[in-house]
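Enquirer: For reference, the chains in residue letters:
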Amino acid sequence: MWRRCLFTGMFAWLAAAAPASAYVAYVSNEKGNTVTVIDTDSWSVTNTIKVGQRPRGIEFSHDGKFVWVAVGDDDTIQVIDTKTQQIVDTLPSGPDPELFTQDAAGKTMYVANENDNTVTVIDLEKRSRIGDIQVGVEPEGMAVSPDGKILINTSETTSMAHFIDTATRQVVASVLVDSRPRFAVFKQDESELWVSSEIGGTVSIIDPAKRVVTGKITFDIPGLRSEAIQPVGIGMTKDGKTAFIALGPANRVAVVDATTHKVLKYLLVGQRVWHMDFTPDEKYLMVTNGVSNDVSVIDVAAQKVIKTIQVGELPWGVTIGKP
Amino acid sequence: MFRWLIGAIALSLVASQALAADPIEIHIGYLGRAGVKETLSLAEQPAANDGVAGANLAIEDNNTTGKFLNQHFVLDEVRVKDTDDVAKVATDLASRNDYIITDLSADALLKVADALRDRGTLLLNAGATDDRLREQDCRANVVHVAPTRSMLADALGQYLVWKQWKRWLLVVGSHEPDKLYADALRRAATRFGAKIVQERTFEDTGGARRTDSGVTLIQRQMPVFTQQAPAYDVLVAADESEVFADYLPYRTWDPRPVAGSAGLVPTSWDAAHDQWGAIQIQNRFIKLNNRHMTALDMQAWTAARMIGEATARTNSNDPKKVIAFLKGPSFSVAAFKGTRLTLRDWNLQLRQPILLADGRMVVSVSPQEGFLHQVSELDTLGVDRPETKCKLQ
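One line per chain: the protein sequences are A and B, in this order. Per UniProt numbering, the first sequence starts with residue 1, numbered consecutively. Per UniProt numbering, the second sequence starts with residue 1, numbered consecutively.
Keep in mind the hints are simulated off the structure, nothing from the lab. We treat Cβ as the ideally placed atom computed from N, Cα and C, and that holds for glycine. Worth double-checking, as some hints may not be accurate.
As the list claims (entries may be wrong) - The list that follows gives simulated cross-link-like pairs (lysine to aspartate or glutamate, EDC-like), each with its CA atoms no further than 20 Å apart:
| # | chain 1 | residue 1 | chain 2 | residue 2 |
| --- | --- | --- | --- | --- |
| 1 | B | K287 | A | D73 |
| 2 | A | K265 | A | E313 |
| 3 | B | K287 | A | D74 |
| 4 | B | K67 | A | D73 |
| 5 | B | K389 | B | D379 |
| 6 | A | K65 | A | D116 |
| 7 | B | K287 | A | D116 |
| 8 | B | K389 | B | D114 |
| 9 | B | K287 | A | D165 |
| 10 | B | K67 | A | D116 |
| 11 | A | K31 | B | D274 |
| 12 | B | K67 | A | D132 |
| 13 | A | K83 | A | D116 |
Unchecked claim - A few chain B residues that face chain A, going by a derived Cβ cut-off under 10 Å, partial list only:
| # | residue |
| --- | --- |
| 14 | R33 |
| 15 | K37 |
| 16 | T39 |
| 17 | S41 |
| 18 | T64 |
| 19 | T65 |
| 20 | H72 |
| 21 | L341 |
| 22 | T342 |
| 23 | S376 |
| 24 | E377 |
Given these sequences and hints, build the entire structure.
Expert: If you want it as structure tokens, here you go:
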């Protein structure tokens, strides 16, 4: 009896412990018009959700209840309920939404609308559009500063990072970076803002206080012509010490010492590596490989690729959260 | 009286604000030909604003960026007739603009380049594909945005060889530009290991491009013209003059694909191109001009964007500084081709991928995989540095 008790008790403890470390990854497949759901414990595909046309930007809500996916060709953002893994609603973005970000409170969403040079502001509680901000040509990358005061938007053809005051919704500064800026990310201590330039082939380090470029990370991979090195997605650890940068058709992720800005190594992944996300415990990083239709799993501490998982057609973005 | 005073104060406030934020004005000229050429296909007939419509979009794009940099771009369009003195027109345009985008014949462009030689005006050739403008007739004050015939021919040649269609039946028109294009295609065949099994000339005997019962006649003519050819994989047509090439697809004696001036066409742009963010510029262009974007539109857009890019990077309205940067090693421009476009420093030709389009879809983009180069794979297209005859001066 006692033994049985212990046994069931242990079993219950094990069962409870296992899901605590398992997360769920949602991958948007741009051409497949689907979202692939992956269990990060078994690294296996558990579901494929049919979504709208051309899903790209994808993110968990801060409360973990929803996953939002921008379906550009349907001019909207779809809301996936993480419990049922079904589409339950849409958000009124502007035309052709691509990337978006939310404020720390999870109350406001900012959407880059590539087609009309605007950033759309959405009230997440009311799920309604409450404003538009005019920015440069082809807005793309979006990031909110950790203190919530500044929204960064990058515009691709204008080649700028726009600093937008979140209170007044005015552009207060614009910093010129290299061609086709795609992605922006802050260090948690707000000491640096990183912006990747796809065509320029660099990552600009910006001082967010002075709003000037203070340095640039360049990449040099032997045997690869420089045009093939096209930085897009960036993953920065919360301690601000290590960054991972997806290099597009170079088929590699650069591991960068985020303090010295030196490239430590290049990890070979799939073809045309695009965006990425960490598991919430930062043990693993998942990157999407567009042309090879798979995602690579990187062990963050070991800085090694440990797994490749087949997903849908042209995987674009990924977000990871609790189930 | 009181109301008037308020009005005056408000007005003076507005005026002083405008004064404080006076933007730098950058003037770009556009020198094009009057009239449009007649095409065989009615659907391909260029609009009256072909080319300049692209430059206008780039001016809008430059100004969206410019509003954050306090720069304002203005386009100044002038058209010349064949009977006009093009050098005189260009000199007048250069008195108002430091940069001039041109869509001119090779001879006219050379006249303009030589007339403006000592002025410091930069010419951006958006229209002429002639290789000689980048080779023996190259000029230090001309940047070439349009691809050359040899770049276009090489782009096509690489694909046909990749496809294992290595036996070409070359059909050449009887006009000078057709012959120049045929030269480029012959060169491409030699470079990439294709074989021209036979050459035929299609004589232009005159006649209207539009007739009420044209199809019946053409349907009889074209099979006869292409019969008794040695075994071939693909018919390659050189017909820049729009005399016969578009009549060939589906009408050849042997069932073979057509490429070159009809069928699979190498081009710098196509209305169907949507990769690498191109859908965004296509949408912007249609919104502004209510029509699809052509290769000439794209070449003019790129030319005006190059000025915008160099002005933004130098943050200067000194044309000397801007031109030096544009011609320098750190210049590049993004133009929805999946890679940065840079200038060949030996002849100021813009390196660029070339699309292969069939009129409905983009079939492929060259350079093709496997055509390698020690500097840039884009230099597998066209005349490369070791072969150049250009001495910039």
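Enquirer: Please verify that hint: B/T65, Cβ, nearest Cβ of chain A, below 10 Å or not.
Expert: holds, 4 Å
Enquirer: Regarding the hint that B/L341 lies at the interface with chain A, is the smallest CB-CB distance below 10 Å?
Expert: holds, 9 Å
Enquirer: Check whether the Cα positions of B/K287 and A/D73 lie no farther apart than 20 Å.
Expert: holds, 17 Å
Enquirer: Measuring from the C-beta of B/T342 to each C-beta in chain A, is the shortest one below 10 Å?
Expert: holds, 9 Å
Enquirer: Grab the minimum C-beta distance from B/K37 to chain A and call the hint holds if it beats 10 Å, violated otherwise.
Expert: Status violated, d = 31 Å.
Enquirer: Between the alpha carbons of A/K83 and A/D116, is the straight-line distance 20 Å or under?
Expert: violated, 34 Å
Enquirer: Decide if the proposed pair is consistent with the structure: B/K287 and A/D116, CA atoms, cutoff 20 Å inclusive.
Expert: holds, 10 Å
Enquirer: Assess, step by step, whether the Cα of B/K67 is no farther than 20 Å from the Cα of A/D73, and give holds or violated.
Expert: Violated, at roughly 29 Å.
Enquirer: Given the hinted pair B/K287 and A/D165, is their alpha-carbon gap at most 20 Å?
Expert: The given pair, whose Cα atoms are some 30 Å apart, is violated under the 20 Å limit.
Enquirer: Could you check if B/E377 really has its C-beta closer than 10 Å to a C-beta on chain A?
Expert: holds, 6 Å
Enquirer: Within 20 Å, alpha carbon to alpha carbon, are B/K67 and A/D132?
Expert: holds, 17 Å
Enquirer: Given the hinted pair B/K287 and A/D74, is their Cα-Cα distance within 20 Å?
Expert: holds, 18 Å
In summary, the numbered hints that this structure violates are 2, 4, 6, 9, 13, 14, 15, 16, 17, 20.
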